[in-house]
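To convert a position in the sequence shown, counted from 1, into my numbering, add 33.
These are computed hints drawn from the structure, not numbers from a lab. Don't take each hint at face value.
No more than 35 Å apart at the CA atoms, straight line, and that leaves these computed lysine-lysine pairs for DSBU-like [said to hold, decoys possible]:
#	residue 1	residue 2
1	Lys198	Lys180
2	Lys37	Lys198
3	Lys35	Lys198
4	Lys198	Lys184
5	Lys108	Lys128
6	Lys95	Lys51
7	Lys125	Lys95
8	Lys92	Lys35
9	Lys186	Lys51
10	Lys101	Lys125
11	Lys66	Lys127
12	Lys124	Lys66
13	Lys159	Lys125
14	Lys127	Lys95
Label pairs and their computed distance ranges (CB to CB) [what the hints assert, rightly or not]:
#	residue 1	residue 2	range
15	Lys183	Lys125	19 to 27 Å
16	Asp53	Ile169	22 to 30 Å
17	Lys87	Lys172	25 to 33 Å
Cβ atoms here follow ideal geometry from the backbone N, Cα and C, with glycine treated the same way.
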Amino acid sequence: MKIKLIVAASENNVIGVKNDLPWHLPNDMDFFKRMTLNTTVIMGRKNYLSIPEKFRPLKNRKNIIITKNKSFFAKDCIITNSLESAIQVGKKEKKDIFIIGGGMVYSYAISNDLIDLIYLTRVHAKINGDTFFPEINMKQWEVINSKFHKKDKKHKYDFTFLTLKKISQLAS
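Can you build the whole structure from these sequences, using the hints too?
Below is the structure:
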């Protein structure tokens, strides 16, 4: 089972502003839903709380939340205190694992080499925000799929769906 990361980030790596998404891209939301259905999703507490209440926990997924807050509770979710423990719990589900945010969780996962695949929606704009996706070392990753979407009535920005795979795994 692979550990995957899914994110939408602007050209300057913004992923959020004031605990919300800085854009409305319905095709990206559909992609997120399609990719993560019937998987295990791991997220930080702030990311979980940024999801509109009517969608919490994310349906048809095992939701695992990482927090240092020992009194935090979320109905129908598993609470852990580290990404490593969240991954260990997730592996017991025998389903693909998706790390879905936020910024600190993404940074930790990438810097500690815990990810096999990255699904990156690159929003082609420079956006102001307060939460960021870490810079990816492209010497370690290769784009294996790319699909461009032009802005339209429903999408304010051009964006590209990118799939990145660790280069060390390409030979296997």
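Hint-by-hint comparison with the structure:
no.	hint	result
1	Lys198 <-> Lys180	holds (15 Å)
2	Lys37 <-> Lys198	holds (10 Å)
3	Lys35 <-> Lys198	holds (11 Å)
4	Lys198 <-> Lys184	holds (26 Å)
5	Lys108 <-> Lys128	holds (21 Å)
6	Lys95 <-> Lys51	holds (26 Å)
7	Lys125 <-> Lys95	holds (11 Å)
8	Lys92 <-> Lys35	holds (21 Å)
9	Lys186 <-> Lys51	holds (25 Å)
10	Lys101 <-> Lys125	holds (22 Å)
11	Lys66 <-> Lys127	holds (19 Å)
12	Lys124 <-> Lys66	holds (20 Å)
13	Lys159 <-> Lys125	violated (40 Å)
14	Lys127 <-> Lys95	holds (11 Å)
15	Lys183 <-> Lys125: 19 to 27 Å	violated (42 Å)
16	Asp53 <-> Ile169: 22 to 30 Å	holds (23 Å)
17	Lys87 <-> Lys172: 25 to 33 Å	violated (42 Å)
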